[in-house]
Amino acid sequence: MIEVEKLWKRYGDNTVLEDLSLSVKEGEFVTMVGASGCGKSTFLNLLLGTQSATQGEIRLDGEPIAAEPGPDRGIVFQQYSVFPHMTVLENVMAAPALAQSGITGRLFGRAKREANQAALEMLERVGLTASADQYPQALSGGMRQRLAIAQALIAKPRILLLDEPFGALDPGIRNDMHVLLKDLWASFGLTVFMVTHDLKEGFSLGTRLWVFDKRRHDPHAPQAYGASVTYDINLATTSEHDYEKTLAQIDQRTE
Amino acid sequence: MKRWINKRPSRAVSVMLGLVPLIMLLLLYMAGSEARLAENEADKLLPSFEQFGDAIKRMAFEPSKRTGEYLFWVDTQSSLIRLGLGVGIAALTGLIVGVLTGALPSVGSTLNPLLTIVSLIPPLAVLPILFIVLGLGELSKVVLIAIGVMPFIARDIQRRTQEIPSEQLIKAQTLGANTAQIILRVILPQIMPRLIDAVRLSLGAAWLFLIAAEAIASTDGLGYRIFLVRRYMAMDVILPYVAWITLLAFTFDWILARINYLCFPWDRLAGDER
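Residue numbers (our numbering), protein chains in the order written: chain B, 1 to 255; chain R, 256 to 529.
Hints are supplied without guarantee of correctness; some may be wrong.
[Said to hold, decoys possible] A few chain R residues facing chain B, derived, Cβ under 8 Å:
| hint | residue |
| --- | --- |
| 1 | Q423 |
| 2 | K426 |
| 3 | V441 |
| 4 | P444 |
| 5 | T474 |
| 6 | D475 |
[Claimed, not checked] Reference excerpt, derived from the structure (chain R facing chain B, CB under 7 Å, subset only):
| hint | residue |
| --- | --- |
| 7 | I311 |
| 8 | A315 |
| 9 | E422 |
| 10 | T429 |
Keep in mind the hints are simulated off the structure, nothing from the lab.
Only a predicted model underlies this, so the values are computations on that prediction, with no experimental measurement involved.
For every residue, glycine included, the Cβ atom is placed at its ideal position computed from N, Cα and C.
Whenever a hint applies, use it, and build me the whole structure from the sequences.
Here is the structure:
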């Protein structure tokens, strides 16, 4: 579904991504790990459309991916990805309201009742029914991320992009979120790209793990070479032993 | 023994402490007034409270001998209409300019230099121009207030618009929103409490421009009256007028703060995330 061809991203003399060529099939769950500043978030932004490649391209179904965010790609950020002035229910209902044409971005009459129904069902799925009338600021971090996911999914994106969505959460809550995310991924038939700092999370959650790292390194000019995907691991066929081994290797590389 | 910076007065003590300077000022005034009046019964500088009462009664509750109007209320009405129109126009244009320049980079590039220059012009220096171009009527006073506070409101709203996390704007786009929908459903509702804050902050300047304009060219208004009776050193009228202006200013500020509190409950919660 997605093909990345000879993708480069530079900021002036600073090369961030270097010669990236990858291919992702529909329904894959790709987790991306790597040291800070290794370009994994840059790659996510290229997929999202908030940044554009210096060279090469990303194609979605053979067409170059849109250079601005659009409804085919949902996003959940680590924070700030819900609207603080809307209640939980309104946040979820915002998706169908904003998806229509016109300038008001509001629903009326039957469309509103239908959106209300669909939003309540979505809240049920992510376990936020009891908080439907609260404002996001009153929610805990985990609940807020549940809301952000619900809001993204009700817009029915084909691709879901996650930028360290659980980075600020406690370990216990993180596990709950993993269960929820896996469940939603399977039932919505999504293609997921997730950036994470947590290697374990990357291993346990996805079907495919990418490690971003620099292939070449010049100690006198650390910015001269960019990162690319140095490990592309199919997690479906990886055993526990492979996990330990790869983990050790990656740890060595990324430190 | 706690350090001074760590000592916090209780609520009751706090209120009492707050009242002390006010009461002291009042007592000081009364003592001064009494001393001067004892020396010279016709002294006008520090009138007694009875004289204030007489002046208020004369201005507010007896029709003027010359025009038959209740001057105090006529003055209040004229001033508040000017102030309301001026601030209202400034708030509306400031909101529109601020949101558009903050949300749309190309509109920002177009208008920012102009906005910066306009905001640096001292409004009172433009007053003669307004009198020449617009005449001495109501329009020039309203326009003075409007152009006096509009740049401040516009720039504040622009900055607040830019402070909305880009994540929210991106999120709205991934939900399929177009530019107009993002402005109307994501930016504008979040800016409304900021607009009210900006209006609260600009009210002081608005009063300044109102009184200045009325002092120079007017036939009624609170500012006109205090500058008129200054010729007779009528402190018994001036001081109640000043107190009344202060009370009005306080009331408007309080009302706007209440509107913010009651109409935007989500804004009260916004601590770590906005």
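Now the hints, each set against the structure:
{"no.": "1", "hint": "Q423", "result": "holds (6 Å)"}
{"no.": "2", "hint": "K426", "result": "holds (5 Å)"}
{"no.": "3", "hint": "V441", "result": "holds (6 Å)"}
{"no.": "4", "hint": "P444", "result": "holds (5 Å)"}
{"no.": "5", "hint": "T474", "result": "violated (46 Å)"}
{"no.": "6", "hint": "D475", "result": "violated (42 Å)"}
{"no.": "7", "hint": "I311", "result": "violated (45 Å)"}
{"no.": "8", "hint": "A315", "result": "violated (44 Å)"}
{"no.": "9", "hint": "E422", "result": "holds (4 Å)"}
{"no.": "10", "hint": "T429", "result": "holds (5 Å)"}
Going through the hint list in order, the structure does not satisfy hints 5, 6, 7 and 8.
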